[in-house]
Amino acid sequence: MDADSLHYSLELVAGSGNILNTEHRTALQTSLLILRKNYKFNRVLFWGKIMGIKEDYFIAQGRGDDELKDKKNLYSFNCMDWFLLPPATIPMIEEVSKAATGRFMGDASHVYENTILKKVGDEDEVEEELVKTTEEHRLAVTIHLIDDESSVIPRGAFIKNPHGFVQVNRCFEGLTESQAAKLDSFLHFRDPKTLKKKSLLELSELNQTIDFLDLLTDDVPKGMWSLQFENANKVLILRCLLWLGMTFYHVPMTPQHGYIYIGDGVRNLDLSFML
Amino acid sequence: MDEHRDRSGDKMLKSSAAFKTFLMKNSQKSNMNLYDHLTRLLLKVMDEQPNDAVDIFEDLSYDVKRGLFEDTKNRLRDLPHTTLAELLAEQQRLLFTQQEDTEHEDELVESPLPNINEIGFYLEQAGVGLGREEMQRIFLALKQLVDSQPLILHCRLWGKILGTQSNYIVAEVEFKDWDNENEKSDQAAEEEQNEARESEENEVKKTITLVMDQLPQSTYKPPPVVPKEPMGTGSNKNVYYVCKEPGLPWVKLPSVTPAQITVARQIRKFFTGRLDSPIKSYPPFPGNEANYLRAQIARISAGTHVSPQGFFHVGEEEGEEEDEAPRDSYEVNPDFDGVPVSEMVLSLSMWVHHVQHILKQGRCSWINLAVKPEEDQNEEGEAEETEEEPDEPEPEVGPPLLTPLSQDAEMFNTPPWSTKISSTLTSQHAVAVLRSNLWPGAYAYACGKKFENIYIGWGLKYTGQGYSPPLPPPPQKEYPSEPEVTEALDPTVEEEQVLEDALEEQQAAPEEMENTDEEEEEEEEQELDND
Numbered sequence: 006m007d008a009d010s011l012h013y014s015l016e017l018v019a020g021s022g023n024i025l026n027t028e029h030r031t032a033l034q035t036s037l038l039i040l041r042k043n044y045k046f047n048r049v050l051f052w053g054k055i056m057g058i059k060e061d062y063f064i065a066q067g068r069g070d071d072e073l074k075d076k077k078n079l080y081s082f083n084c085m086d087w088f089l090l091p092p093a094t095i096p097m098i099e100e101v102s103k104a105a106t107g108r109f110m111g112d113a114s115h116v117y118e119n120t121i122l123k124k125v126g127d128e129d130e131v132e133e134e135l136v137k138t139t140e141e142h143r144l145a146v147t148i149h150l151i152d153d154e155s156s157v158i159p160r161g162a163f164i165k166n167p168h169g170f171v172q173v174n175r176c177f178e179g180l181t182e183s184q185a186a187k188l189d190s191f192l193h194f195r196d197p198k199t200l201k202k203k204s205l206l207e208l209s210e211l212n213q214t215i216d217f218l219d220l221l222t223d224d225v226p227k228g229m230w231s232l233q234f235e236n237a238n239k240v241l242i243l244r245c246l247l248w249l250g251m252t253f254y255h256v257p258m259t260p261q262h263g264y265i266y267i268g269d270g271v272r273n274l275d276l277s278f279m280l
Numbered sequence: 002m003d004e005h006r007d008r009s010g011d012k013m014l015k016s017s018a019a020f021k022t023f024l025m026k027n028s029q030k031s032n033m034n035l036y037d038h039l040t041r042l043l044l045k046v047m048d049e050q051p052n053d054a055v056d057i058f059e060d061l062s063y064d065v066k067r068g069l070f071e072d073t074k075n076r077l078r079d080l081p082h083t084t085l086a087e088l089l090a091e092q093q094r095l096l097f098t099q100q101e102d103t104e105h106e107d108e109l110v111e112s113p114l115p116n117i118n119e120i121g122f123y124l125e126q127a128g129v130g131l132g133r134e135e136m137q138r139i140f141l142a143l144k145q146l147v148d149s150q151p152l153i154l155h156c157r158l159w160g161k162i163l164g165t166q167s168n169y170i171v172a173e174v175e176f177k178d179w180d181n182e183n184e185k186s187d188q189a190a191e192e193e194q195n196e197a198r199e200s201e202e203n204e205v206k207k208t209i210t211l212v213m214d215q216l217p218q219s220t221y222k223p224p225p226v227v228p229k230e231p232m233g234t235g236s237n238k239n240v241y242y243v244c245k246e247p248g249l250p251w252v253k254l255p256s257v258t259p260a261q262i263t264v265a266r267q268i269r270k271f272f273t274g275r276l277d278s279p280i281k282s283y284p285p286f287p288g289n290e291a292n293y294l295r296a297q298i299a300r301i302s303a304g305t306h307v308s309p310q311g312f313f314h315v316g317e318e319e320g321e322e323e324d325e326a327p328r329d330s331y332e333v334n335p336d337f338d339g340v341p342v343s344e345m346v347l348s349l350s351m352w353v354h355h356v357q358h359i360l361k362q363g364r365c366s367w368i369n370l371a372v373k374p375e376e377d378q379n380e381e382g383e384a385e386e387t388e389e390e391p392d393e394p395e396p397e398v399g400p401p402l403l404t405p406l407s408q409d410a411e412m413f414n415t416p417p418w419s420t421k422i423s424s425t426l427t428s429q430h431a432v433a434v435l436r437s438n439l440w441p442g443a444y445a446y447a448c449g450k451k452f453e454n455i456y457i458g459w460g461l462k463y464t465g466q467g468y469s470p471p472l473p474p475p476p477q478k479e480y481p482s483e484p485e486v487t488e489a490l491d492p493t494v495e496e497e498q499v500l501e502d503a504l505e506e507q508q509a510a511p512e513e514m515e516n517t518d519e520e521e522e523e524e525e526e527q528e529l530d531n532d
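Residue numbers (this note's numbering), protein chains in the order written: chain U, 6 to 280; chain P, 2 to 532.
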C-alpha cells in the first residue's frame, strides 16, 4: 500500500489479524520518505511482512515510471535500514524452488541445501546433486511470485499510456458498491498471461487503456479468492487463498485501494483439498 | 413597364414563397426545419451579442440544437438503494443502547466482561489485532452476550476465524454450574433427533420385512464410540459462542465429541462462514461446519493457550489422587508477582500450558473402552492395576497440566514457538510476545501481571510441506477357506457305488456283533470274496 496512505489503510486491512506496531508505523513513515528520495522512486509502497522463525522481514517496493516493470524490492529488520534485493531472474527462481523448503529462518545469510537425485544420461544411474540457495535469493523470488500470482488492482485504477507505460489513473473515482461486489471488476497486476487466450469477440469489448491485464475470475481453481465486506461493511476485502496472508482492500466510491502481504511466505499447496 | 415589373415582382414573391416553404419543410431525421432553426439562432445572437459571432457561428448552431433536447425535469427517479453498510449499521445501532435498569451497584461486583480495550492495546503493541473500531464493536457485543446469559463465570474473547464467505468472531464462556438447563436442552435435542431417526428407520424396515422374507442378520458390531466428555471437564470445559459481525446475535456452538476431534485431525478444510454448511471430506466428518469449528477451537485451545509460569498453580485439594488422575483444575495464584519481560522472551520455560492436552483418543481424560459394564463401578485407577489381560489397551497419557513450553515437541524442523519483544527501542515498557509456528495465527502476550491469548487466523494447523489425505482402509479380508465351504468335485458313479457297498457292510457288521468274532470275520471275508 502506498506509503502516503499508510496511516489509515493499515486499519482497513486489520481484519486479517495482523497490524503494525505504532513504533513500526512511525518508523516506516520516516524511512520510506528517505528511501524514496535516495533511490529516486516515483512512489514507494509498503509491500508487507514476511515472518521468519527468528526475525520478521519488512518489505518495501519502489515504483518507477512504468508501474508494471520498474519495480525494486527492499527488505529491513527494523523498518529503518533497508537493503536492496536482487531482481528475480528465471535461473534464480529455479534454484530457489529446488533448494528452499520449510519456513523462512529470519537470517538473511542462511543457506538452504538440498540434495536432489538426477538421472545421468540414459542409464539407470542416479546422481546426487547438491543445490544451494541463500535466504536473500529466496526472499527475492518469493516476493516476485507473490506479486505475480496475487497482486490485485480494481479495474480502471491504472492506465496504459500511448508509450506503453502503465501509470496510476488520476481520474479513477472508485468502483460502485455493486461493481465491487463482483469478482470480475478486479485485475491481476502483472504481465497478462490469460488475456491472449481470450477469443476475438471478448477482446473487442475490452477497453485498450484499462483492460490490458488478466481478470481474477480466470484463475484456477475457481474459489481461490475470498471476497468480503468488512469493517461494518464499508471496505471490500479480497483475500487470496493460495498465498495465505495476502489482503487487498478497496473502499467503494473512493479511489482508495491497495494490497499488503503479511504471512510466512509459503504457498498454500493444499488449496484444492481445502475448498 | 409596370406589368413587367409586377410580373417579375410576382415571380420573385412566388419564388421566395416557394423558398420559404422549402425552408420550413421538416427534416425527416430530426423533425426540425431550417427556417425555425435559423430564426432561433439569430434570436440567440441578438440576445447574447457575442464577440466575433461569425467565428463561433457553428458552435452557436450546435448549442441551439442541443438546447432543444434538454429536459429540465428528470421524469425517472432512482429508488433509494440500501447499501450493505446501511443494513449492518441498523443492527449495530443496538450495540450502543444503554440498558436503563443497570444499577450502579453492578460496577462494584466483578463482572465477567473482560477489558477488551486494554487487551486491544497490548495486542496492538504485539502487532496483532483487528483495528481499534472493530475491537470496540466486539467489546460492546461481548457486553450484550454477558448481559443476556446470567450464569456466566468467565467470558473471554477467544479470537476470530476467517472463512471464505464470511468470518466468525468467537467468545469463550465458562458457566458457573453445569446442572442447568443448557445441558439438558442439548441432550434433549439430541435424543429427539435420534428418536426421530430411529422411528423412521423402523418404519422402513417394517415395510420391507412384510414384503420379503427375513434377510440374514449381519453380525457386524461397530467399534465402540468413545463417549464425549461431560460439560465442564476436559475439552468441553468452556462453551463457545460465535457471531458473524459484532451486533448480530451470538450462536452457541454444540459441545465437541472425541470422534469429531479425531477426524478433524485428519482433514484440512477452509471454513465457509455458514454454520450449517456440510463438510465434504475423507474420512467423512461427523457433523456440519458448526461441529468442525468447535473441534478446531478445541484443538487450538489445547495447543496454544499458555500463561506465564506461576500465574496459575494447581489447587491444593487433590490429596492422594495426584499420581493417577490427571490434574484438570488450576487456580489463580494470588502470590504471582509478574516475571520481567526480558526473561519471558529469552526462555520458553517461563510459559506453561494451562489447557489440558487432547489425547489421541480425542478426549482429555483417557477412558478404557474394553472395560465390561460391570466393572465400570470401580475407579479407573484400580481397574488398570488389577486387570492383567494381555489385550488390555494401554492407557494414553498426555503431558500434565501446567507443563512449560520448553517441553513442546518440534515438528517439521521448526521450533513450535517464536518469542519476540514488542519494541527494542523502548524495552523498559515493552511486551513479551509469543507466536505459535504450529498454529499460525495464535499469539500470546505477557506484560507484568497481565497476559492474554488470542487466535486470529484460518483455523488450520501447519502440516509441513504438503497435506496428503488419508488413504481408504484396506479391503476386508475374505472368509477363511474351510473344508465346509470349499468346492469339491462331485463323485462319479463308480465311486458312489463303492461308497454304498462300504456303508452296507458297516451296517451289516453291527447286527452280527452278538455273534463270535470269528464268525464275523469269516462272513466278512466271504462277502468280500463274493464281490
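Treat the hints with caution; some may be incorrect.
Partial pick of chain P residues on the chain U-facing surface, computed with a CB cut under 8 Å [said to hold, decoys possible]:
hint, residue
1, ARG94
2, PHE97
3, GLU125
4, GLY399
5, PRO401
6, SER424
Stretch-level coverage of chain U by chain P, calculated; a stretch enters the list once three of its residues show a Cβ under 8 Å from a Cβ in chain P [stated by the list, open to error]:
hint, stretch
7, 64-77
8, 81-89
Pulled from the structure, derived: some chain U residues nowhere near chain P, Cβ distances all over 12 Å [said to hold, decoys possible]:
hint, residue
9, LYS54
10, LYS59
11, CYS176
12, MET229
13, ASN236
14, LYS239
15, PRO260
In case anyone wonders, no lab produced these hints; they're calculated from the structure.
From a predicted model like this one, the values you see are computed outputs, not experimental measurements.
Cβ coordinates follow ideal geometry from the N, Cα and C atoms, glycine included.
Okay, the hints, checked on the actual structure:
1. The beta carbon of P:ARG94 comes no nearer than 11 Å to any beta carbon in chain U, farther than 8 Å, and the hint placing it at the interface is violated.
2. Nearest Cβ of chain U to the Cβ of P:PHE97: about 13 Å, over the 8 Å cut. The hint is violated.
3. Annotation: P:GLU125 was flagged as interfacial toward chain U, and the flag holds, the nearest CB pair being 6 Å apart, inside 8 Å.
4. About 26 Å separates the beta-carbon of P:GLY399 from the nearest beta-carbon of chain U, more than 8 Å, and the hint is not met.
5. The beta carbon of P:PRO401 comes no nearer than 28 Å to any beta carbon in chain U, farther than 8 Å, and the hint placing it at the interface is violated.
6. Evaluation of the P:SER424 hint against chain U yields a held restraint, the C-beta minimum of about 5 Å falling below 8 Å.
7. Coverage of a stretch by a chain is defined here by at least three residues with a beta carbon nearer than 8 Å to that chain's beta carbons; for the stretch 64-77 of chain U and chain P the count is 0, and the condition is violated.
8. Check on the stretch 81-89 of chain U: 1 of its residues sit with their Cβ under 8 Å from a Cβ of chain P, so the three-residue criterion for coverage is violated.
9. The beta carbon of U:LYS54 is not kept farther than 12 Å from every beta carbon of chain P, the shortest such distance being approximately 9 Å.
10. Non-interface call for U:LYS59 relative to chain P: violated, since the shortest CB-CB distance, roughly 7 Å, does not exceed 12 Å.
11. Once the 12 Å rule is applied to beta carbons, U:CYS176 is consistent with being away from chain P; the minimum gap is 24 Å.
12. The claim that U:MET229 lies off the interface is violated: its Cβ sits roughly 10 Å from the closest Cβ of chain P, which falls inside the 12 Å cut-off.
13. Not every beta carbon of chain P lies more than 12 Å from that of U:ASN236, the smallest distance being close to 6 Å; the non-interface claim is violated.
14. Under the 12 Å C-beta cut-off, the non-interface status given to U:LYS239 relative to chain P is violated; the minimum distance is some 5 Å.
15. At roughly 18 Å, the least C-beta separation between U:PRO260 and chain P is larger than 12 Å, which holds for a residue marked as non-interface.
Figure legend: structure checked against the earlier numbered hints; hints not met, in rising order: 1, 2, 4, 5, 7, 8, 9, 10, 12, 13, 14.
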